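Participant: This is what each chain is made of:
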Amino acid sequence: MLQIQDVIRAYLPAIVFVVLGIGLGAVFASLNSVLGPKPKHARRATAEPYESGLPSEVKKTMRFGISFYLVAMLFILFDIETIFLFPVAMQLKAFGTFALIEISVFIVLLFVAFIYVWRRGALEWK
Amino acid sequence: MTGLLAQATTKGPPINWEALSPFIALVAGGCIVLLVGLARSAFIRRQVVPVLTLLTLGATAGLGVWQWDINEGIVANAMVVDNLTLALTMIFVAGGIAAVFLSWRSIASAEAGEGEYYALMLMSILGMLVLVAANDLVVLFIGFELLSIPLYVLCATHMRREQSLESGLKYLIIGSVGSATLLYGLAMLYGAAGGTNYGDIAAVAAEMADDTLFMVGIGLVLAGLAFKASVAPFHQWTPDVYEGAPTPVTGFMAVATKAAAFGVIIRLFVGPLIDATTTWAPAFATLAVITIIVGNVGALGQSSLKRMLAYSSVAQAGYMIAGVVVTTQLGIAATVFYLAIYVVMNLAAFAVITARERETGLGDDISSLYGLGRDRPFLAWPMTIAMLALAGFPVTAGFFGKIYLINAAVNNGYGWLGVVIVVGSAISLAYYLRVVAAVWMREAPAASTSLSAVPIMAGGSPEGDEAAYAAGREPGADVGRVVSEDFGEPSIITSGPRISQPEVIFVAVFCALVTIAFGVYPEPLMDVARDAGEALQSLR
Amino acid sequence: MDLIWYLIVSALIFCIGAGGVLTRRNPLVVLLCLELMLNAANLALVAFARAHGDMGGQIFALMVMVVAACEVAVGLGLVVAIYRRRLPIDVDELRELQG
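Chains as they are written, first to last, in our numbering: chain A, 751 to 876; chain B, 29 to 568; chain C, 1317 to 1415.
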């Protein structure tokens, strides 16, 4: 006969995950309305169905702006770097603190790249 | 923090931090240079960033000297730091320092942003270090790409000149084909050996020498590395890319990449694949002959100095293969010796080309050297010495370089390869002496001797840009001004000692002096090369 | 399944990629074909790793993925730089949509 505590214990991670997920989502959604920029009058872009800078009606002559390529390239680079975390995760138990330090060095290097990209203005939408 | 580190080192893989220090210095220096390059102040960008780059390179060389004679595997045997690695490190650093001096006032570094330009250069040098220190196929590939990718960008840094961008893209595509070929070969070697460490490969090399998988792997690796070392018939990209890239980058690429490619060829083929010599040595010897012939014949008809030096570098690669094929310590020592003097000979030539490109606005055409002998002895002599050394004249280091290579070839049953080297050198006299003749026997064109105006507007031509920038003007600004002020005040470029560029002349003169010094007394350099050769203990 | 089939597929992909690089003119397609060549090697690496029961090949393949991404990013950057020199791309339409 299963005890109710056992059931709760078994599902505890899932419950924590769901609660955290909902909670964090709600916090960020509400933070956006508190901290986000408030234009005096609604701009055209915010009235668009997809508020992404992409026009929803596309004309035949439309070209993608250079910024799309730039952001896409930066995304690929920073995204793919997470691959390096997987082998470390596999060997985490064996290496312990060493793995932590190693990954910290790796993240610091990525951070240098990020600072560079940011200060160089590559993240500004032109 | 130290306690934490000590604890970490006990638990992690064995890492020899002291032997790793040259690598760490380059990484740290590269990051600092990149971030300092973001500064708004033009002084910091134009002066402090190159100085920081020089300091980083100096620190790397110093740490390398400190670790001399260490000879051990570091980072769980994935890399080996021995005298071969460190000797080649000195060569890379020398090439890097010269490239920094040549780039100091170049328009390419200003257009790309100084921080990026010099950080890319440092990262490329780091890749070369990793490549020649690699003792594992994964590290080899990482080093190979870390060396190549920054170079693709560096080739394209002269962004206002379409040729430069195109040479960058061309180099990227051909270089990537080379690295994909190399990678496929590495995959085959891994499949045959069952492990990525060189030790695993060495263990099976003797019994697998006739295995199809293993042979295909060796062939593909050979082709991939031949692309990078510009060994014929994989050399076709070399002249185009050398011509299109900014001259300081070309100089850097010509010397440092060549040294790195030969470093890894020695490390891999004369290392774990030594027991399969019968498989690869005939192929390599054939490539050497083809390369020497193609390079020397191709250089004959070139009027662009950079194209000529590109073909000449192909030919020199052919000479150096001879030192690798013989698989003796003597051969390796001769190759390292030749690489070292190859660096100084070529840098002297590229420094003169850089200087003349800025002064004349004629680009790298051979006519930019006309009349140099009378007007500019400090440029004429280095160019003459460099050309004579490349041809292998006595009293220059090039003479001893060739003697050692031929000696090594003859001593191990490759006498015919020695003969090919001699024949190749004889052909090469034709085009090297043509340059010497252009320096001393041709009169400068009338327009430049009289110092009268050769009006070239900045922005009008890339060469004019280079000259205008070196003279201390902003080329971009000039374009706007010229247009808005109704073509008033065009920038005037003259052929004469107007532009002060002491650092370029210093590089030229220094390299020429080193070439002569080692031509008279090669023993110190030969001792270093011998140490490097002895690092490969499995050889005779 | 036998190792040889993986190798055949990987060799085919490699040849398709190499053929594409040699024959196609569009730089974007050439970059795609380069990716094919690298990924063919990846397939071979992973197949060998499986056959030998060794993790080294899988780690190698992960490293190759990162390197391939870097190469393509640099390639795309150069292509964009060249195109930008030749035909200025009209971003006026997008400028209003910065919201």
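Check each hint, because a few of them may be wrong.
Mimicking SDA-like on lysine to any residue, the simulated pairs with C-alpha atoms at most 25 Å apart in a straight line are [stated by the list, open to error]: (1) B/Lys198 x B/Asp268; (2) A/Lys843 x B/Ala104; (3) B/Lys198 x A/Leu824.
Honestly, the hints are just simulated from the structure, not real lab data.
All figures in this text were calculated on a predicted structure; none of them were measured in a lab.
Participant: Hint by hint, say whether it matches the structure.
Facilitator: Hint check results:
no.	hint	result
1	B/Lys198 x B/Asp268	9 Å, holds
2	A/Lys843 x B/Ala104	18 Å, holds
3	B/Lys198 x A/Leu824	22 Å, holds
Hint violations for this structure: none, all hints satisfied.
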